[in-house]
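Line order of the protein sequences matches chains A and B.
To convert a position in the first sequence, counted from 1, into this note's numbering, add 18.
To convert a position in the second sequence, counted from 1, into this note's numbering, add 18.
Treat the hints as calculated values from the structure; they're not laboratory data.
It does not matter which identical chain is used: a pair holds within one copy or between any two.
Mimicking DSS-like on lysine-lysine, the simulated pairs with C-alpha atoms at most 25 Å apart in a straight line are: (1) K102 <-> K230; (2) K71 <-> K40; (3) K32 <-> K247; (4) K32 <-> K21; (5) K272 <-> K147; (6) K40 <-> K21; (7) K272 <-> K157; (8) K102 <-> K154.
2 protein chains.
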Amino acid sequence: MLKNPIIETMMNRKSIRKYSDKLPSNEELTTIVQAGQQAPFAYQLCSVLLSRKKNKNPFGSPWLFTICLDANRLEKIMAQRNWKVASNDIAFLIFGIQDASLMAENMVIAAESLGLGSCFIGSTPYIAKSIIKKYKLPKRVFPIVQLTMGYPAEDPTTRPRYPLEFTLFEDKYPEFDENIINKAMTEMDEGYLDQEYYRCANFMIPLEGDRKETFDFTNYSWTEHISRKAGQWDPFPDDLVEQLAACGFHIPVKQNKYNEN
Amino acid sequence: MLKNPIIETMMNRKSIRKYSDKLPSNEELTTIVQAGQQAPFAYQLCSVLLSRKKNKNPFGSPWLFTICLDANRLEKIMAQRNWKVASNDIAFLIFGIQDASLMAENMVIAAESLGLGSCFIGSTPYIAKSIIKKYKLPKRVFPIVQLTMGYPAEDPTTRPRYPLEFTLFEDKYPEFDENIINKAMTEMDEGYLDQEYYRCANFMIPLEGDRKETFDFTNYSWTEHISRKAGQWDPFPDDLVEQLAACGFHIPVKQNKYNEN
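Based on the sequences and whatever the hints tell you, model everything.
Below is the structure:
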């Protein structure tokens, strides 16, 4: 693998959940957000809210960013030009989530380069309604992801990833045999077990229904963890659809067509 | 604004649409994709297809990446653990597009750091069905964005962005007055006019219906361009919903609820 300061910064990134008392500067703030803005966009469909209420932010981080899919600014500009939006909301969702994520990733890497750490809060779309209240969001602004940021007070190891051969495919998506699936599972699971990740977090997702627990912290790891999430959580889209609608994005789905996979 | 090699790499990024004949190496390839993999994920819901068919790739780029929301690998792993997916497809869309975009942005910046350039092809979700054929995608893999990459044979200027005050908001999303909207429009429009962007591309989006053309390349710029896109294109989600369904993601919307904004 080739190395340079940029590649090394990316390869060393890890989520930071403990922050030092040292407050980052305003110049660091504007640098990080402007680096975020320079990501490749089609519509610039994202905006960023900041809270410096350290005692209320997750992990007591000095900064909490809420990165939003923002169609409000576009619509305000279009009104000045005598246009109204015609495009549908699924298109806005697909392109706006990309804009917000591209911006967020630049912010994460820019922050790393200045010695700051960060952590994504993935459940953000599920608490959109409370974020509307907190930040007085207008319609057509949907919070995609929250990001804590500040100087780190911990130095965890980087987390494992799938093997490259399970991620990069040339010309044709392969049929996976059990070997490569098991190799990917082993690399993820042993990586997390070596780091005692779930034991240190003291967390296993509880089993629902009739399933009996057969795992403990000697063998509960990443693939079991994500299987329990995707296998148990959030079967119906109602909650997300409602949070989106509260933000003025209408994805009214026919419930009966769900879960036909 | 603070500077370091990483910030400068991000601030200097621009889309490259002309590529040199020099072929990037396999070591550059694996470095870039592995840097992409190290982005912050919840589920690692993305995979990457590569085509090196230079004469078929957009702009004749040596590499064309197709970055996909990939639930197939997760489901294969879950099957090994005796689980089936319960989570709904809107959740997969929201979290998978994030994973794919975070990975894509790391790849873009890693490439820049090695002297390579890139360009996003934003229309990718609309051609999902043809991508299925080309790369033999299994169900539950949806192409989010394509990315051309190679050594640049042009050196365009960076493109303008909204003013920071139109993007970063502290504690409360503001009510915009006309001044800030007009300032944002002016910065975008004059920036693109100074670069003669649309004149050089020789492209204005044609007006539909009864609207009469009143623009030429002396005043047609970014805000008019995006207004014409969002104001005319893609009013109904049918096409995207169909492309998603072809990939095994079911977002069956009630059409009559659309465009109520």
